[in-house]
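Novice: As a plain string of letters, each chain reads:
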Amino acid sequence: MIKNNMTLKIGGEAGQGVESSGAGFAKALARGGLHLFGWQDYMSRIRGGHNFFQIKVSDRPLYSHSDEVHLLLALHPETIDRHKDEIATGGGIVYDENLNVDHDYLKEKGIKLFPIPLLKIAEETGTKIMANTAALGATAGITEYDFEHIASVIRDNFVKKGQEVVNTNLEVARRAYDLGRERYAADFDFKLETVKAPARMVINGNHALCLGAVLGGCRFVSAYPMTPATPIIEWMSTHADRYGLVTKHSEDEIAAICMAIGASHAGVRAMTATSGGGFSLMVEALGLAGMTETPLVVVEVQRAGPSTGMPTRTEQGDLLFMIHASQGEFPRIVLAPGSVEECFYAGWRAFNLAEKYQCPVIILSDTFLANSLRTVECRDFNFKSVELDRGELLTEEAVDQLSEGYKRYAITDTGISPRALPGHPNTVFVACSDEHTQDGHFEDEDPDNRIQMVEKRFRKMEVALKEMRTPTLYGPQEAEFTFVGWGSTYGPVRETVDRLNEGGNKANFLHFTDIWPLPEDKISHLLETTNHIIGVESNSTGQFAKFLRTYTGRKIDHQILRYDGQPLSPEYILTKLQVGGGDHG
Amino acid sequence: MIKNNMTLKIGGEAGQGVESSGAGFAKALARGGLHLFGWQDYMSRIRGGHNFFQIKVSDRPLYSHSDEVHLLLALHPETIDRHKDEIATGGGIVYDENLNVDHDYLKEKGIKLFPIPLLKIAEETGTKIMANTAALGATAGITEYDFEHIASVIRDNFVKKGQEVVNTNLEVARRAYDLGRERYAADFDFKLETVKAPARMVINGNHALCLGAVLGGCRFVSAYPMTPATPIIEWMSTHADRYGLVTKHSEDEIAAICMAIGASHAGVRAMTATSGGGFSLMVEALGLAGMTETPLVVVEVQRAGPSTGMPTRTEQGDLLFMIHASQGEFPRIVLAPGSVEECFYAGWRAFNLAEKYQCPVIILSDTFLANSLRTVECRDFNFKSVELDRGELLTEEAVDQLSEGYKRYAITDTGISPRALPGHPNTVFVACSDEHTQDGHFEDEDPDNRIQMVEKRFRKMEVALKEMRTPTLYGPQEAEFTFVGWGSTYGPVRETVDRLNEGGNKANFLHFTDIWPLPEDKISHLLETTNHIIGVESNSTGQFAKFLRTYTGRKIDHQILRYDGQPLSPEYILTKLQVGGGDHG
Amino acid sequence: MANIKDYASPVRSTWCVGCGDYGILNSLKQALVKMDLEPHEVLIVTGIGCGSKLPDYMTVNGYTSLHGRPIPIAQGIHLANHDLKVIVVAGDGDTYGIGGNHFIHALRRNADITIIVQNNAVYGLTKGQYSPTSPKGFPTKTSPPPTGAIEPPVNPIALALAAGATFIARSFSGNPPHLTDMIVAAISHQGCALLDVLQPCVTFNRDHSYDFYRQRVYNVEEEGYDPSNREVAWEKSSEWGDRIPIGILYMVEGKPTYEDQVTTLKSGPLVKQGLRSWGESDYEALEAEFT
Amino acid sequence: MANIKDYASPVRSTWCVGCGDYGILNSLKQALVKMDLEPHEVLIVTGIGCGSKLPDYMTVNGYTSLHGRPIPIAQGIHLANHDLKVIVVAGDGDTYGIGGNHFIHALRRNADITIIVQNNAVYGLTKGQYSPTSPKGFPTKTSPPPTGAIEPPVNPIALALAAGATFIARSFSGNPPHLTDMIVAAISHQGCALLDVLQPCVTFNRDHSYDFYRQRVYNVEEEGYDPSNREVAWEKSSEWGDRIPIGILYMVEGKPTYEDQVTTLKSGPLVKQGLRSWGESDYEALEAEFT
Ligand SMILES: Cc1ncc(C[n+]2csc(CCOP(=O)(O)OP(=O)(O)O)c2C)c(N)n1
Ligand SMILES: Cc1ncc(C[n+]2csc(CCOP(=O)(O)OP(=O)(O)O)c2C)c(N)n1
Ligand code: SF4
Ligand code: SF4
Ligand SMILES: [Mg+2]
Ligand SMILES: [Mg+2]
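Chains as they are written, first to last, in the numbering used here: chain X, 1 to 585; chain H, 1 to 585; chain F, 1 to 291; chain S, 1 to 291.
These are computed hints drawn from the structure, not numbers from a lab.
All values derive from a computational prediction rather than experimental measurement.
Some clues are possibly wrong.
Said to hold, decoys possible - Label-pair ranges, simulated between beta-carbon atoms:
| # | chain 1 | residue 1 | chain 2 | residue 2 | range |
| --- | --- | --- | --- | --- | --- |
| 1 | F | Gln190 | S | Pro176 | 52 to 60 angstroms |
| 2 | F | Met35 | S | Pro177 | 56 to 64 angstroms |
| 3 | F | Glu239 | S | Gly137 | 30 to 38 angstroms |
| 4 | S | Arg214 | F | Met35 | 51 to 59 angstroms |
| 5 | S | Gly137 | H | Asn382 | 33 to 41 angstroms |
What the hints assert, rightly or not - Listed below are the simulated DSS-like cross-link pairs for lysine-lysine, each with C-alpha atoms no more than 25 angstroms apart in a straight line:
| # | chain 1 | residue 1 | chain 2 | residue 2 |
| --- | --- | --- | --- | --- |
| 6 | X | Lys522 | H | Lys555 |
| 7 | F | Lys266 | H | Lys407 |
| 8 | X | Lys555 | H | Lys407 |
| 9 | X | Lys576 | X | Lys84 |
| 10 | S | Lys141 | F | Lys266 |
| 11 | X | Lys407 | S | Lys141 |
| 12 | S | Lys85 | S | Lys5 |
| 13 | H | Lys466 | H | Lys456 |
| 14 | X | Lys407 | X | Lys456 |
| 15 | X | Lys555 | H | Lys522 |
| 16 | S | Lys141 | H | Lys160 |
| 17 | H | Lys161 | S | Lys141 |
| 18 | S | Lys85 | X | Lys407 |
| 19 | X | Lys384 | S | Lys272 |
| 20 | H | Lys407 | X | Lys576 |
| 21 | H | Lys407 | F | Lys5 |
Backbone N, C-alpha and C define an ideal beta-carbon position, used for all residues, glycine too.
Can you make the complete structure from the sequences, with help from the hints?
Specialist: This is the structure:
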C-alpha cells in the first residue's frame with residue numbers, strides 16, 4: 001500500500017466541469033492536511049475538445065507535477081485514449097459504467113478498471129449534472145480518503161444554492177463513495193489519508209499575484225482580457241467593491257496601460273495585466289512610463305507564441321522582449337517569480353520597486369505558473385508581512401513646506417527625484433514624454449541637458465541593483481552539475497535535483513527571479529564555482545542562457561529546452577539529460 | 001590657399017529656408033565635381049528656433065562631417081552665437097549687413113567678417129524672399145567657386161515658376177556673387193574649384209532607401225508620418241503615379257503594418273516605414289508576419305528616445321528592441337546600413353530576403369543616416385545591378401500543375417515552404433496566426449506538430465545565415481586596435497581610422513551591416529585576430545557590444561558612446577579615445 | 001458553377017452546440033454559392049474570437065489574423081488584388097472594441113470590402129466578459145454586480161452612419177434566408193459594407209438568446225422602409241428594444257470606392273501588374289532627381 | 001481668486017506667428033480664471049502635435065503624453081483623482097486619427113473629462129500631411145495630386161453623437177469670447193464633453209485660414225438653436241460649407257458620468273482613500289477563499 005503519494009488526473013470535454021471538479025478535489029485534499037500540486041490543461045475552445053486537471057498528492061511539499069498517473073478519472077472516452085499510457089503500474093481508471101471503453105486493451109496493459117454508475121447515482125438521487133459530484137465521491141471512496149473532506153467542500157461550494165442542493169449533492173457523493181470503496185478499494189493500492197498539518201491554502205500563480213497586489217496597496221487595475229492573464233482582472237473586478245478597488249476592462253490594451261499610467265500619475269498604485277500579444281500593444285506606453293518616470297506595474301503572463309500561437313499552452317518565450325521592449329533606453333525592472341509564494345511576493349514588491357525607482361516594473365509569469373495550484377502554508381503567505389514603501393513620494397506636509405519652484409525631475413545623486421502628486425499649489429508640474437528639463441519643460445535639443453537626464457535616469461538602476469535578489473541556490477553547495485532556471489522552471493527543476501541527489505548524483509540549482517537589472521558581479525562570482533551548467537527553459541532559443549552570457553560572459557554548457565507548449569516536468573528534464581537537448585540561435 | 005577642403009555651415013530659423021539653401025548649394029558643389037558630406041540639424045518645431053545645414057567639401061570622397069567650420073552663413077544672429085566657436089583659423093562669417101553682430105568679440109577671436117547687403121540686393125532686383133539666393137551667390141563669390149554651378153541649380157529649382165523668376169534669381173545671385181568676390185575673396189583662404197569627375201548623385205539615406213526599394217519591386221507602401229521616417233512615405237507618395245505604386249497614409253501605425261502585411265500576402269512587395277514610437281505600435285503585427293510567414297519589409301529610422309524623446313535628434317537606441325520585438329520566437333532579419341550606398345542596397349535586398357525567407361525584414365536606419373547627404377558615384381548606385389529574387393514563390397504555371405492538396409506550410413528541409421498567392425483554385429489556403437498544421441489549419445494543442453513547426457520556421461534562419469554578410473574590414477589587416485561599429489557609425493569611424501593611421505597609429509574597423517541572424521562562427525573567427533576592441537555606438541548602453549558578447553563571448557575592451565542626440569564625428573571619437581567613455585548597464 | 005460542397009472543410013468545428021456562428025457560416029456559404037463565387041475568388045479575413053475561427057470551417061482563402069486587426073489587413077489585400085472578394089468576418093469585440101478605429105476609418109474611406117460582424121454582445125473566446133455591445137448592467141466577471149457593465153452599448157449602426165458608411169445592414173443568425181440575402185447584398189455593394197449579425201452565444205450570453213431575438217426582430221423591408229434616406233436611417237439606428245429592425249438600414253449607391261480612385265489601380269490589380277519593369281528613361285529620371 | 005497671471009509660463013512658445021493655437025491657449029486660460037480654477041486644480045493631458053505643446057506654455061498640471069493616447073491617460077487620472085478637472089487638449093490627428101478608438105469609447109462611457117480638439121485639418125508638427133479632417137482632394141506630400149486626399153473627412157460632430165456623447169460643441173480660435181464661453185461650458189458639463197475648435201494652421205493649411213472661417217462661421221445660439229434635440233443635432237452635424245455652425249451643438253444633462261457609477265468612488269477620490277488599511281477580518285476573508 002502506498003499512502004499519500006499518487007497522481008490523480010481528471011479529464012473531460014470543455015464544459016464538463018473538469019476545472020471545478022479538480023479544484024474541489026484539491027481543496028478536499030488540502031483540508032485533509034495533504035500537499036498537492038495541481039496542473040490544469042485546457043484547449044482554446046469553449047465546449048468540447050479535451051481538458052484535464054492533474055493533481056499530484058503527497059505528505060511532503062510538492063513543487064511540480066509528475067508525468068505518471070495513478071488514478072485517471074475519465075469524464076469522456078477521449079480521456080482514456082489520450083492518457084492510458086501515462087498510467088503507472090497498479091494504477092486504474094474511474095469512469096461511468098456506460099462509457100464505451102476498450103476493456104481488453106486496458107486489461108492487457110494491466111490497468112485496473114473501476115466502472116461506476118455515476119450518472120445513474122446522480123439521476124436517481126438528484127439531477128444528472130451531479131455526476132461530477134458522484135465522480136469525486138467515488139474517487140475518494142476508492143482511495144479510502146476521509147469522506148468528511150469531500151463533504152466540507154461540497155457544503156462550501158453549494159451553500160449559495162440552498163441547503164437542499166447541498167444535501168442532495170452530499171447524498172450523491174456519499175453513495176458513490178460507498179460504492180467505490182466497497183467495490184474497488186481492496187484492489188487499489190494507492191491510498192489517501194488525513195494528516196495533521198497547519199492550515200494551508202490552495203492557490204495558483206494568478207491568484208497569488210492578485211493577493212500580493214491588493215495587499216501591496218494596488219487600488220487600480222485596467223486591463224483587457226487575454227488568456228492566461230484574464231483571471232487577474234476578473235479576480236480584481238469581482239473583489240473590487242469589497243476591497244475598494246477600481247477596475248476597468250478597457251477598449252483595448254493600449255487604453256489599459258494608459259489608464260494605469262494615468263492613475264499612477266495621480267498617485268494611486270495601479271497595474272495592468274496581459275499576455276504577450278496584449279503586451280505588444282503596450283510597448284509604446286511602457287516607454288512613456290519610463291520617460292515620465294511614472295511608477296507602473298505590468299503583469300505579463302506568457303503563453304506559447306509567436307502571434308496568437310497556442311493560446312492555452314505554456315512557454316517562456318518573452319524574456320528578451322520584456323527586457324528590451326520599447327524604443328530608446330530607460331530603466332525598468334523585470335521580476336520572474338517561480339512559485340505561488342514568489343508570485344505573492346512579487347505582487348506587492350513590484351509596487352514598492354515601481355514607486356521607489358519611479359519606473360515600470362514587469363512581472364513575468366506564464367501559463368504553467370498562472371494556472372498551477374499548490375498547497376502553501378498560510379504562514380508563507382503571511383499577509384501581515386507585506387511591506388509598503390512608497391519611496392521618495394513627498395508627503396502632503398513636505399509639499400506644504402516647499403517654497404521655491406518644485407522640480408519634478410530634479411537631478412540627484414541617486415537619480416531619484418522626489419515625487420509630488422498633482423493637486424497641490426506648490427508642486428504644479430508637467431510630466432513630459434519628450435526629453436525635458438528638471439522642471440519638466442520640453443528640451444528637445446540641448447545636448448548637456450540630455451546627457452544629464454539620461455545619466456540621472458540610469459543612476460536609479462544602480463541603486464535598484466543593490467536590492468535585486470541574487471538567485472537562490474537549491475541543493476548542495478558543491479555539485480557536479482548546476483541547473484540554471486528562471487521563473488516557472490523552479491518547481492520541475494527543484495524536483496529533478498531532489499531525484500538526482502536521491503539517486504546518488506550531485507546536482508544543485510540556481511533559480512533566478514530578479515531578472516533585470518542583473519547584479520553582474522555577484523552573479524559572475526556565483527557562477528565561478530560551478531562545474532557544468534545546464535540551462536533549463538521553456539522556449540526554443542534559450543533566452544536566459546543568452547542573457548546570462550551577455551552579462552557574465554559565461555556560456556551555458558548544456559541546454560534543456562522545451563517548446564511544445566507543455567510544461568517542463570522532472571521526467572522530461574531527466575530524459576533530456578540523457579539524450580541532450582536542441583538549441584536554435 | 002586651401003583648395004576644395006572646407007566646411008560651410010548655413011544656419012537660420014525654421015522656415016527661413018536653411019534646408020533648401022543647403023540642398024541647393026550641395027547640388028552646385030556636386031555638379032562641380034566636388035565631394036561633399038551634408039548634415040542637417042533641425043528642431044522639433046515649425047517656425048523659429050535654430051536649424052542648420054553643414055556641408056563638408058573635398059575632392060576626395062567624404063564619409064562624415066567634421067566639427068570645424070570654415071565659412072558660416074548666418075541667416076539669423078543666433079547662428080553666430082551658437083556656432084562662432086566652431087570656426088577654424090582663417091574662417092569667416094557671411095551675413096546680411098543689417099544683422100546685429102558683436103563685431104568686436106568676433107574680430108578679437110580672429111574671425112573674418114563678410115557682411116553683404118543680401119536683403120537689399122534681393123529687394124532691389126527681385127523680392128525679399130530671394131535673400132537666400134543672394135546668400136548662396138555671395139558664398140560662391142567669396143570662395144571663388146564657378147558661378148555656373150550655382151546658376152544651373154537656380155535654373156532647375158525655379159524652372160516650374162517660369163523664366164522670369166529664374167532670371168531674377170540668377171540676377172540676384174550674380175550681383176551677390178560679384179560683390180562677395182570683389183570685397184572678400186582676397187581675404188579668404190578657402191577656395192572651391194571645379195574638378196573633372198564622373199557623374200555623381202547627392203542623396204541622403206532616406207531617399208537612397210526609397211530608390212533601392214522601388215527598383216527592388218516595392219509597389220505598396222503604407223505608413224503613418226513620423227520624424228525622421230516621414231520622407232519615405234512622402235517620396236513614395238509623390239512618385240506613386242509615376243512609378244506605379246500604391247501608397248497609403250493610414251489612420252495609425254497598426255493599420256500601416258497590417259495593410260502592408262495584407263498587400264504582401266496578396267503577392268505585392270510591400271513595406272512600411274516609421275520611427276521607434278510607431279514601430280512600438282507595430283510589434284504585435286510583426287509577430288503575425290512571423291507566424292504566418294508573410295514577407296514584410298519594415299524600415300525603422302531611429303531617433304533619440306525613450307518615448308517621444310528628442311524627435312529630430314539621432315540615436316541608435318533601438319537595436320536590441322528590433323531583434324527581440326514581439327512575443328514568442330520567430331525568424332526575422334535585421335539589416336543596418338551605414339551609408340547611402342548601403343541604404344540603397346538594403347532597400348532592394350530586404351525584399352529579396354523577405355520573400356526568400358518568408359519573414360519580416362527590418363531595416364534599421366537613424367536620423368543621422370536618414371538626413372545626411374553625400375555625393376556618391378552614379379556607378380555605385382547602379383540601378384541595373386538590382387537583383388530580384390522572389391524565392392520559392394510558385395509561378396502561375398507551377399500552381400496550374402499542382403494536383404494534390406497544396407500545403408502552404410509544408411515541412412521542408414530548408415524550412416521554406418513553397419508559397420502560392422491567393423486567387424488560384426489549386427492553392428486555396430488559410431494563413432493562420434495560431435499555431436497551425438502544414439495546410440494552415442488551427443493546431444493549438446498537438447505537441448508534435450508544434451515542435452515540427454517551431455523547428456521548420458527556425459531552419460529558414462539557418463539557410464539565411466549563409467547569405468548574411470560578415471562585417472567589412474576597413475584599414476589594415478593587422479592593427480593595434482580595432483573599432484567595431486554598426487549602421488550609421490560607419491562614416492565617422494571610417495574617417496577616424498583614416499586620421500589615426502595618417503597620424504602614425506595602427507587602427508582598423510569592423511563595420512557591421514547584417515545584424516541578424518549573426519553568423520557567430522565567422523564573427524568569432526574574425527574577432528580572434530583583434531587586439532583591443534573599441535565599440536562605437538550612438539547610445540548610452542552599448543547595445544551592439546552586448547549583442548556581440550551574447551553571440552561570440554567577446555567582451556568589447558573599451559566603449560565610445562554618444563547619447564546627447566548629436567551624431568558621432570571623428571573629433572568626438574578622437575577626443576573620447578583619449579579620455580575614456582561612459583557605459584550604463 | 002460554384003457548389004456548396006466546394007466550401008466544405010475537413011475540420012470539425014469547435015463551436016458550442018447551438019452557437020449562432022453556425023448560422024453565419026452556413027449562410028455565408030450559401031451566399032457565395034448564390035453569387036457564383038468559387039473559394040479561390042474569395043478571401044476571408046478574421047480576427048481572434050470564437051467566430052473568427054470560421055475560415056477553418058470552410059474551404060476558402062483565409063487569413064485568421066489578430067484581435068482587432070482584420071480590417072486593415074483586408075484593405076491591404078484588396079488594394080493589392082482587387083479581383084478578390086475580400087470579406088472581414090469578426091466579433092463585436094474585434095470590430096467595435098479593440099478594432100473600432102479601423103472600423104470607422106475603413107467606412108469613411110469606402111474601402112471596397114465587406115465587414116460581417118458576429119455580434120453576440122459578449123467576449124466568447126475569453127469566456128464571457130462584457131463586450132462593447134453588451135447592455136448596460138450586463139453582469140460578467142469584468143463587470144460584476146452590483147453595477148454590471150457601466151457603459152451603455154455601442155450603437156454600431158449609428159456609428160457606421162456617422163463614419164460615412166455607404167451600406168449598413170443588420171441580420172440575425174437565426175434567420176438563414178434573410179441572413180443569406182443580406183450577405184449577398186453586402187458583398188454585392190460597391191464600397192465598404194457593414195453587416196451586423198445578431199448572433200446568440202448560448203454559453204455566455206443567455207439574455208440574447210434565439211428566443212429573445214425571434215420575438216423582437218422584424219424586417220424593415222416588409223414595412224416599406226427606404227434605406228436611401230440618411231435622416232430616416234439615423235432614426236432607425238436607435239430603434240432597439242421590443243422591436244429590433246433587420247434588413248438594409250442604409251445604402252447609398254454610386255459613391256466611388258477608395259480603390260476606384262487610386263490612379264495606379266486603374267491599370268488593373270496591383271499584383272497582376274507584377275514587379276514593374278524599369279526602362280532607361282526611368283533610370284534617367286531617377287538619377288536626374290539627385291544630380 | 002484665480003488670476004490669469006498664475007497661468008503664465010516662463011517658456012516661449014514655438015508655434016508659428018499667427019497659429020490658431022495661441023487663441024486656444026489664451027481662451028483656455030481665460031476660461032479657467034472665469035471658473036475660478038487654480039492651476040493646481042486642473043490637469044491638462046495632451047498628445048503629440050504642435051498644439052499638444054500647450055501645457056508647456058502655461059503653468060498648470062500637465063501630462064504631455066503620446067500621439068493618440070491622451071484620452072485613456074486622462075481617464076486614468078480622473079478615475080484616480082476626480083477632484084481634478086481633467087482636460088484633454090489634442091490635435092485632430094491625435095483625436096480623430098490615431099486616437100479615434102479611445103475617442104468613441106470615452107464618449108460612450110461618459111467619462112467625466114473634457115476633450116478640446118485643435119482641429120487644423122492637417123498634421124502640423126510632422127510638416128503638413130493630410131489629416132482625418134482634411135477635405136477630400138487636399139494635396140499634401142502623402143496625398144499628392146492628381147487626387148489629393150481620397151477620403152472624405154471625418155465628421156467629428158456626427159461621430160461623437162453616434163458614440164453617445166452628452167456634450168458636443170464647436171468653436172473657432174479666431175473668436176476668443178465665443179471660444180472662452182465654449183470652454184467654460186465644456187468643462188462645466190458633467191460627463192464627457194467634446195469641443196472641436198477650428199484652428200487655422202497658417203503654415204500648412206492655407207485653405208482653412210482665419211478669413212475662410214470668419215466668412216463662414218455663425219453662432220447657432222443666435223438662431224435659437226435647441227441643442228437638446230438629438231435629431232436636430234444630427235442634421236446640424238452635416239452642415240459644412242458656406243455656413244459652418246459654432247456653439248453648443250448637442251447637450252444632454254443629468255446623465256450619470258462613468259465615475260458617478262463606480263461604487264468605490266462613492267467614498268471620495270481614490271487617491272485620497274490612500275493605501276487601504278487591512279484588518280483581521282479582511283485577512284480571514286482572503287484566506288478563507290483559498291482554504
Ligand atoms: C491583442 C489581443 N488582446 C486580447 C486577446 C484575447 N482575446 C481573444 S478573443 C477576444 C475577445 C473575443 O470577443 P469577440 O471579438 O466579441 O469574439 P467572440 O469570441 O465573441 O466571437 C479576446 C479579448 C487577443 N487575442 N489579442
Ligand atoms: C505613434 C506616433 N506616430 C507618429 C508620431 C509623429 N507625429 C507627431 S505629431 C503627429 C501628427 C500631428 O497632427 P495633429 O494631431 O493634428 O496635431 P497638430 O500638429 O496638427 O497640432 C504625428 C504623426 C508620433 N509622435 N507618435
Ligand atoms: S462561447 Fe458563445 S460564441 Fe463561443 S462558440 Fe460557444 S456559443 Fe459560440
Ligand atoms: S505648423 Fe500650423 S499648427 Fe503648427 S505651429 Fe505652425 S501654424 Fe500652428
Ligand atoms: Mg463577441
Ligand atoms: Mg492637426
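Novice: Given the hint of 56 to 64 angstroms, is the C-beta distance from Met35(F) to Pro177(S) inside that range or not?
Specialist: holds (59 angstroms)
Novice: Indicate whether the distance between the beta carbons of Glu239(F) and Gly137(S) respects the range 30 to 38 angstroms.
Specialist: holds (36 angstroms)
Novice: Verify the proposed pairing of Lys407(H) with Lys5(F), using a straight-line Cα cut of 25 angstroms.
Specialist: holds (20 angstroms)
Novice: Does the alpha-carbon distance linking Lys161(H) and Lys141(S) stay inside the 25 angstroms limit?
Specialist: holds (19 angstroms)
Novice: Is the straight-line distance between the alpha-carbon of Lys407(X) and that of Lys456(X) 25 angstroms or less?
Specialist: Holds. Lys407(X) to Lys456(X) sits at ~14 angstroms (cutoff 25 angstroms).
Novice: If I claimed the Cβ atoms of Arg214(S) and Met35(F) lie 51 to 59 angstroms apart, would that claim hold in this structure?
Specialist: holds (53 angstroms)
Novice: Holds or violated: Lys141(S) and Lys160(H), Cα atoms, limit 25 angstroms.
Specialist: holds (18 angstroms)
Novice: Holds or violated: Lys85(S) and Lys407(X), Cα atoms, limit 25 angstroms.
Specialist: Judged against 25 angstroms, a Cα distance of about 22 angstroms means the pair holds.
Novice: Is the hinted pair Lys266(F) and Lys407(H) satisfied, with a Cα-Cα distance of at most 25 angstroms?
Specialist: Violated - the C-alpha atoms of Lys407(H) and Lys266(F) are around 33 angstroms apart, more than 25 angstroms.
Novice: Can the restraint linking Lys384(X) and Lys272(S) be considered satisfied, given a maximum Cα separation of 25 angstroms?
Specialist: Roughly 23 angstroms separates the two Cα atoms, so the pair holds.
Novice: Take the C-beta atom of Gly137(S) and the C-beta atom of Asn382(H), compute their distance, and say whether it sits inside 33 to 41 angstroms.
Specialist: holds (39 angstroms)
Novice: Verify the proposed pairing of Lys522(X) with Lys555(H), using a straight-line Cα cut of 25 angstroms.
Specialist: Holds: Lys522(X) and Lys555(H) sit about 18 angstroms apart, inside 25 angstroms.
When each numbered hint is compared with the structure, violations occur for hints 1, 7, 8, 11, 20.
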